[in-house]
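Asker: Below, each chain spelled out in residue letters.
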Amino acid sequence: MSYADKIASLARRPLNILRLDLDHPIDSAGDYFCDYQNPLGQKFWPCIESIDYTPAKLIPGSLGSFGSVTIKLTNFPYGDAGTFFGRLLASNEYFLDRALILYVGFHDEGEAFDWANFQERHFVIRSIKGPDPSGVVTVTGTDILTLLDSDQSVVPLESYGELAGALAAATTGTVNITDNTNFDAGGGVCIINGKELATYSGLSGGTSIVITARSQFGTVAESSTAAGSSVRNCYYIDSENCIDALYALIDNFTEIDAATYINLVDWEDERDTYLASDDVFRVITEPTAVKDVIKDICESSHVSLWWEPSEQLIPVRAVGPKLDSTMEITTGAHILRSGHTIDRDLSKAITQVWVFYDKINQADGDDEKNFRKLNIVIDNSKETAYGFSKIEKVYAGYLPAAGGSTATKIGQRKLASYGLGEIIYRFQLDAKDSQLLIGDNVTITSAADEDSDGNATSRTCMVIERDQLNAGTYSYKAQALGVDPSSNYAIVAINGTPDYMSGGSATNYAFIADTSTGQMSNGDPAYLIL
Amino acid sequence: MAGIIAFNNYLRSAAVVSEATISGFPFANCVDGRTSTTAGFASGATRTAIINLGTSKSISAVGFARSNLFARGATLTFAGSADNVSYTDFATITPAADVVTLQSLGAPVSYQYVRVSVSGHSGDVYISDIYVGDYLVLPSNVDQSFSPPEYCDNDEVISNLTYTNELAGLIVQRKLKTAQIKLDSVEPSWMEIHWLDFAASVKRYPIYWVWKTGKRAFYCWPEKNIGSPKYAQSGKYFAISFKVEGITE
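In order, the protein sequences belong to chains L and E.
According to our numbering, the first sequence is numbered sequentially starting from 1.
According to our numbering, the second sequence is numbered sequentially starting from 1.
Some hints here could point you the wrong way.
[What the hints assert, rightly or not] Using 30 Å as the maximum straight-line C-alpha spacing, the simulated DSSO-like pairs for lysine-lysine come out as follows:
#	chain 1	residue 1	chain 2	residue 2
1	E	Lys-224	L	Lys-129
2	E	Lys-203	L	Lys-72
3	E	Lys-224	E	Lys-243
4	L	Lys-43	E	Lys-212
5	E	Lys-203	L	Lys-43
6	E	Lys-212	E	Lys-243
7	L	Lys-72	E	Lys-243
[Said to hold, decoys possible] Beta-carbon label-pair distances, calculated as ranges:
#	chain 1	residue 1	chain 2	residue 2	range
8	L	Asp-5	E	Val-157	43 to 49 Å
9	E	Lys-203	L	Ile-342	51 to 57 Å
10	L	Asp-5	E	Glu-223	32 to 38 Å
11	E	Ser-241	L	Thr-70	37 to 43 Å
12	L	Ser-134	E	Thr-164	20 to 26 Å
13	L	Ala-99	E	Tyr-231	58 to 64 Å
14	L	Ser-134	E	Ser-241	25 to 31 Å
15	E	Leu-167	L	Ala-402	52 to 58 Å
16	L	Glu-328	E	Leu-161	16 to 22 Å
17	L	Asp-23	E	Thr-178	40 to 46 Å
18	E	Glu-223	L	Thr-138	22 to 28 Å
19	L	Leu-323	E	Glu-223	54 to 60 Å
20	E	Arg-204	L	Asp-149	32 to 38 Å
21	L	Ala-4	E	Thr-178	34 to 40 Å
[Unchecked claim] Stretches of chain L that chain E covers, calculated by requiring three or more beta carbons in the stretch to come under 8 Å of a beta carbon on chain E:
#	segment
22	26 to 40
23	334 to 342
24	427 to 438
Just so you know, these hints were derived from the structure itself, not from any lab.
Because the structure is a prediction, the values reported are computed rather than measured.
The beta carbon of each residue, even a glycine, is placed where N, CA and C say it ideally should be.
My request is simple: use the sequences and hints to build the entire structure.
Answerer: The structure is reproduced here in structure tokens:
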């Protein structure tokens, strides 16, 4: 059996198992705890009283919010004296950010225990409280994305350069900055006196950098910069694909093990299929929380990045229609009776999107006046219907001068999603349908969402939240994307692709439909190009 | 015949002389009272544990709780010795199901050393509790409204119904079995001899309770408290009543 087999079964007996990866466990093989009955032959302490999740959330076109878990356990006597958790905590004072692993699955009494019947959920320990007077110990963990927080990860790393002598405006070459720690031996960008950006090609000794150009990226050098003025290293993203930039930040500036928690093949596939021309450009002039940088890159590219607990991965996804097949769920076969609502918030409707991009001065902030370009996309039909304009402004501080197509795409996608305000579906699914994950597109046909003829409406949504209520039930939140579920979406076919009716033509490619019928030669609907 | 209870497990306060158990699953796990810990006996050969009771003790019952003896095709054999040299088998159980078992001996035997052997098993055997001790005949029959614990099923079933009332899934959450030990007409003489020992023991470790001859044993403990026995019938008899929870498998 496997976890997939178990959830496909009609009746299942749930079991949750917790492992705390502390430095000094009581049992050298690791300390395991469970709820319900400990399976025969396993060394789990059945002292878990409750497990409460705060689900991770996907924010479309941004960095998602962290999820967390709170587990209550009951202490018990152990050994010749004392209690289990009393002794465990005394031996493990440094538990912050140690791994907390939950195994969520099923076990029937009498069957052989099998780890394949469980899914792993990884968290990091943030706090352990108790035992309280009732003997309850409360362990709180947050998901891996918490390691993006400012106290954990910043970019660029702090540097401490100061001019050893006054620096004239045109001076380049080797410059003594007294301490070049955390400057890049391969060269980069630095900020002088908090105002002027300059490029450098490398280091000289432990005190100097080799400046190659002054007054860069929209800044102007002072006629003379006084000795003692700060010189700090910057982080320079030079028109790099947004996906590559995100990966480099996580891999190089956080404690997240990118090789373990990022499926690079999936990331590159997403990049090549949907984001091939979506580059970012920025000079980050002071140590900034990696979390904030990632958030800004996501918002400049209309990309979502979040933590997926059931797969233990950090996925990334462009917001919009997808080429792969979309799961379809209905109120008849999938959506449970409990908790199904559809919320429409017209106060969040948008009829125009203004995207500011191409920063003038990289050393200044993302103020409207510090952008050279503005891209405006208007939905005239919505403006007419509402009778007024509702404008959303996006300050895409990471979009370069050549980011016009990205800016247009951001506008179009936001208008599609929010033209009718924010539409949120809440629903619950049995575990048999729980393969629907955060970030997935799903087409929902709900009897609670009728058209003007009283028929159930189908909408394509993106799952933005997924919470496990119990072992057999999942609660979802999904946001309508404004994507027509009946439309065919495709990308432009590569040169040399056979004609539409030839066997083997990739169905993800767009072909030109008959102009009179609007259909392909065999009656298939025409394609919309992504 | 009325039921029996066994609450005086000699193995609990005894010293383990030797054991052939799986590392991490020592014999001590099957006398600690917990249903969550198990002693493990590896497959491939007869595995034994020898326990020194300290002095010769009169043994009238053996048993076990929560095991996979039947699933593994195992036989559990109890043997006794006065000197830890020459052993005599006094009980052999080849379970017909993995259920809590308490077996009374035809006639009591007395030994200082007890050898517990697991044999004939294909695959590792795990046992949560092993009982070697005496038993008490309950002083009266259970109440007429009694619900046998082996028939009790408190498992919680949660059904997932779709928006249109189609069954999508069931979640079954295991709960302990419960029963009420309710005895009327208990002789004061029985109370004087046994009650205080029983009350002290049942609060420390679970007991084995067979509510009627031939019925399945219940490995159980008080659900909250054991309360106070009450005089009845003009002081001629006591009435005992308290709830217990536990397992029958």
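Asker: Each hint needs a verdict: does it hold in this structure or not?
Answerer: For each hint, the structure was consulted:
| no. | hint | verdict |
| --- | --- | --- |
| 1 | Lys-224/E - Lys-129/L | holds (27 Å) |
| 2 | Lys-203/E - Lys-72/L | holds (25 Å) |
| 3 | Lys-224/E - Lys-243/E | holds (7 Å) |
| 4 | Lys-43/L - Lys-212/E | violated (34 Å) |
| 5 | Lys-203/E - Lys-43/L | holds (25 Å) |
| 6 | Lys-212/E - Lys-243/E | holds (17 Å) |
| 7 | Lys-72/L - Lys-243/E | holds (27 Å) |
| 8 | Asp-5/L - Val-157/E: 43 to 49 Å | violated (21 Å) |
| 9 | Lys-203/E - Ile-342/L: 51 to 57 Å | holds (55 Å) |
| 10 | Asp-5/L - Glu-223/E: 32 to 38 Å | holds (36 Å) |
| 11 | Ser-241/E - Thr-70/L: 37 to 43 Å | holds (40 Å) |
| 12 | Ser-134/L - Thr-164/E: 20 to 26 Å | violated (44 Å) |
| 13 | Ala-99/L - Tyr-231/E: 58 to 64 Å | holds (60 Å) |
| 14 | Ser-134/L - Ser-241/E: 25 to 31 Å | holds (28 Å) |
| 15 | Leu-167/E - Ala-402/L: 52 to 58 Å | holds (56 Å) |
| 16 | Glu-328/L - Leu-161/E: 16 to 22 Å | holds (20 Å) |
| 17 | Asp-23/L - Thr-178/E: 40 to 46 Å | holds (42 Å) |
| 18 | Glu-223/E - Thr-138/L: 22 to 28 Å | holds (26 Å) |
| 19 | Leu-323/L - Glu-223/E: 54 to 60 Å | holds (59 Å) |
| 20 | Arg-204/E - Asp-149/L: 32 to 38 Å | violated (49 Å) |
| 21 | Ala-4/L - Thr-178/E: 34 to 40 Å | holds (35 Å) |
| 22 | 26 to 40 | holds (count 6) |
| 23 | 334 to 342 | holds (count 5) |
| 24 | 427 to 438 | holds (count 6) |
Of the numbered hints given earlier, the model fails hints 4, 8, 12, 20; all others are met.
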